[in-house]
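One-letter residues, chain by chain:
Number of protein chains: 2
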Amino acid sequence: MASSAAVTVRAPVLHAPAQDHLQFLPDALIEVGADGRIERVAAAETADLTRPTTVLPRGRVLVPGFVDLHVHAPQWPQLGTALDVPLERWLQEYTFPLEASYRDEAFAARVWDELVPGLLAEGTTTAVYYATVHRAATRSLAEACVRHGQRAFVGRVAMDHPDATPPDYRDASAAAGIEASAASIEDVRTVDAGRGLVRPVITPRFAPACTDALLSGLGDLAAATGALVQTHCSESDWHHGYAIERFGRRDLEALAEFGLVRPHTVLAHATKLPDEDLDAVARSGACIAHCPLSNVSFGNGVFPARRALARGVRVGLGTDIAGGAHSSVLRNAAMALDVSRLLDDGVHGAPGERGGVAGSRLDATTAFWLATRGGAEAVGLDVGCFEPGRPFDAVALDLTSLPTPTVDRDHADLDAELLAERIVRLAGARNVETVWVAGRCVRSAGSSVPSGR
Amino acid sequence: MASSAAVTVRAPVLHAPAQDHLQFLPDALIEVGADGRIERVAAAETADLTRPTTVLPRGRVLVPGFVDLHVHAPQWPQLGTALDVPLERWLQEYTFPLEASYRDEAFAARVWDELVPGLLAEGTTTAVYYATVHRAATRSLAEACVRHGQRAFVGRVAMDHPDATPPDYRDASAAAGIEASAASIEDVRTVDAGRGLVRPVITPRFAPACTDALLSGLGDLAAATGALVQTHCSESDWHHGYAIERFGRRDLEALAEFGLVRPHTVLAHATKLPDEDLDAVARSGACIAHCPLSNVSFGNGVFPARRALARGVRVGLGTDIAGGAHSSVLRNAAMALDVSRLLDDGVHGAPGERGGVAGSRLDATTAFWLATRGGAEAVGLDVGCFEPGRPFDAVALDLTSLPTPTVDRDHADLDAELLAERIVRLAGARNVETVWVAGRCVRSAGSSVPSGR
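Line by line, the protein sequences are chains E and S.
For the record, in the first sequence the residue sitting at position 213 is 199 according to the working numbering, with numbers rising by one throughout.
For the record, in the second sequence the residue sitting at position 66 is 52 according to the working numbering, with numbers rising by one throughout.
Everything labelled a hint here was simulated from the structure, so no lab data went into it.
Note that this is a predicted model, so its numbers are computed, not measured.
Mixed in with the good hints, there may be bad ones.
Said to hold, decoys possible - To give an idea of the chain E side of the interface with chain S (calculated C-beta under 8 Å), a few residues: (1) 63; (2) 70; (3) 73; (4) 155; (5) 334; (6) 338; (7) 342; (8) 345; (9) 391; (10) 408; (11) 411.
As the list claims (entries may be wrong) - With beta-carbon atoms standing in for the labels, derived distance ranges: (12) S:89 <-> E:297: 33 to 41 Å; (13) S:70 <-> E:152: 41 to 49 Å; (14) E:430 <-> S:374: 53 to 61 Å; (15) S:83 <-> E:100: 42 to 50 Å; (16) S:243 <-> E:297: 35 to 43 Å; (17) S:7 <-> E:92: 33 to 41 Å; (18) E:4 <-> S:296: 47 to 55 Å; (19) S:344 <-> E:234: 44 to 52 Å; (20) S:91 <-> E:13: 42 to 50 Å; (21) S:72 <-> E:430: 54 to 62 Å.
No residue lacks a Cβ here, since even glycine has one placed at the ideal position from N, Cα and C.
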């Protein structure tokens, strides 16, 4: 474990230890040990005056760092562009050619050094990354996470199906893909060097891009190594229909048979799952990365997050850079609220005829939890809220640019629910002032703090 | 006309003179006269070296200032909160009590001095404001706009219906409401003092809050004074049904009979208008303030912006602070794109059964135009794009925090459409560096530049 200096932060603190449990401590102390873990959370009057303490200025609120369950790292340069075409065209014409260019290691390193600080600037302390098919680029992404101090899962993308991938950007064979994936797991573990900061993730891109042999081999690799798995699941009408046509069963069932639906497996999107599949996901312990902004462009419908949660499915949020148009987890949290209203009420016509599903609305507390503890729990990390023993992954939000809530009250006077709602609906990178990961300050006052290590 | 120093700005310039016409000038000069109007737009190599020139640093793009057609100024303190209740409860329990407190002039002035710079920080150079029923608070809002240099329409809210408004927050009678509205028009014109910066707007809140006598009297006032009119129109199922029950006709028809649907009248929301009404709006020359973020909470459906534009309706964007959860016009432009996708495709179920209306998608160029020239044209202002004779209302966006688009290219190398899409989807207050209104720099490097006048 890399060492950090012990740190104590004094600030108003907002966190959500559970989906329905928001806690606001108007003047709290969080004491963090040299191992980067929280030792004590207490009221400020119990301060240990012998410890050096960082006191956040007025108008700041300390929240857990945000967890982004679905990021295509190589798509960073195309963020916010060309989202007006169907997924298959978007992949073939824009995305695969860009991803193929990461065979150039210098280019890859340059993008990673923009991407990782860019996400830290959004307050994203944990990211679950798809890298590319290239081992070297994958390894250098892990190195960038260590260098900039971001907690991450980093996955080499496995894809070998000649029908859905270009000749210059795929694994040469299933065996080659499995071997490279296994080697990449070791690469990432080597880069992490026992810090516990960066972990590997087995990454079959999505079933259409993978042969049965590759999917099956990666399922075996997951069982053998215990590494996390991520893939896309029933993202769109096309994707959902594809699986039924190819496998004679739904995408989730096929992935499960290949051994890929394991505890904490990240299933991205999953907009098309019937209740039966949601229940199967819940039983498996896998999770769904809800990507509300991306789903607007590619999802053919709104993911029923409230229904999934009610059925016991682990859910977190994903930006899905760059299928999602924005890099902010908070913006996706706000979008999760907004699209849940449209799912509830429908989009056009008379009440009851608008295509809506009553009872679909998410509340702001759930959205806040999804962005923090919900996402962490989904992938089996112990971050996401402030309790003794957990690593200190946190963001100091400067809320002074937000409207003053009411006369003679400041942000700290709001009740927890209203404060969470304001943060979800209004805050963004503009408000992210300081970021800590595992007790280490990795971003402060608008600039990143790269490690000398 | 208040004097401004002549100014010349050199920068990459992006603007949309028409809905389907985006223009990108990678290295342009805009020369602005002492009257705040553009004298010349030209390629940089034709620079008049005798004029002092502001050269924007690398990574900046100059765009027209954003136009917000629908802002409830007194709701600023509740921005981003309590959006989880139906409109009628939201009004009675949260909004009317807050608005009533603006009888306190000191409180009002304090909020305006936060609101107006807050919107300038979002790049909003023109705002169409609902103030409150109070003449003094309305006048002081106009004063704040002059003080901070924001172009605005400022309207005293008229409302007198005892069934839909609280006793402590309404006009005492229709006659009192009409008289106060007439006086407020004069107040605002006095405050503007011929600058042409701040204009009055006749503001019957919405039909449910107004008696027939008030609506009719305000229609007469509009005809007599030529002042702009704004009101809400068929915002929700409830509002739409209310009009039919009370007037025996749809809301738009009733408003028209009262003389309130005039050229450039701002009809907020209008989510429930049938094509027949959209055609009537087009014929009248009135406009619709599309408030996509607010409509998610209160609109019972998505406003069909593309259909309205195709039928010749003037359309712009509104934040609808605080029924809309965010103060950014750009965020509403992005939301206009996103909800148009859901309107097109629907939210739940199989293709064709999801409640969608195929052909509803907006493109990013239209969204950019709506945020700028579209909004300006809607209310009859000559701002919103860069052409000789038009006032120079502009925003310098610092795009350096956005991902570098592709290897070895910077933002200025993107084609116009991609650049507009990135700005709509990714930019926000964080990127707003300098703001000019009528040639005067009103915000620079994160701080407002209040006038000494």
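Structure-based check of each hint:
no.: 1; hint: 63; verdict: 5 Å, holds
no.: 2; hint: 70; verdict: 6 Å, holds
no.: 3; hint: 73; verdict: 12 Å, violated
no.: 4; hint: 155; verdict: 16 Å, violated
no.: 5; hint: 334; verdict: 5 Å, holds
no.: 6; hint: 338; verdict: 10 Å, violated
no.: 7; hint: 342; verdict: 6 Å, holds
no.: 8; hint: 345; verdict: 12 Å, violated
no.: 9; hint: 391; verdict: 6 Å, holds
no.: 10; hint: 408; verdict: 4 Å, holds
no.: 11; hint: 411; verdict: 4 Å, holds
no.: 12; hint: S:89 <-> E:297: 33 to 41 Å; verdict: 51 Å, violated
no.: 13; hint: S:70 <-> E:152: 41 to 49 Å; verdict: 46 Å, holds
no.: 14; hint: E:430 <-> S:374: 53 to 61 Å; verdict: 46 Å, violated
no.: 15; hint: S:83 <-> E:100: 42 to 50 Å; verdict: 47 Å, holds
no.: 16; hint: S:243 <-> E:297: 35 to 43 Å; verdict: 52 Å, violated
no.: 17; hint: S:7 <-> E:92: 33 to 41 Å; verdict: 40 Å, holds
no.: 18; hint: E:4 <-> S:296: 47 to 55 Å; verdict: 48 Å, holds
no.: 19; hint: S:344 <-> E:234: 44 to 52 Å; verdict: 31 Å, violated
no.: 20; hint: S:91 <-> E:13: 42 to 50 Å; verdict: 34 Å, violated
no.: 21; hint: S:72 <-> E:430: 54 to 62 Å; verdict: 43 Å, violated
Checked against the numbered hints above, the structure violates hints 3, 4, 6, 8, 12, 14, 16, 19, 20 and 21; every other hint is satisfied.
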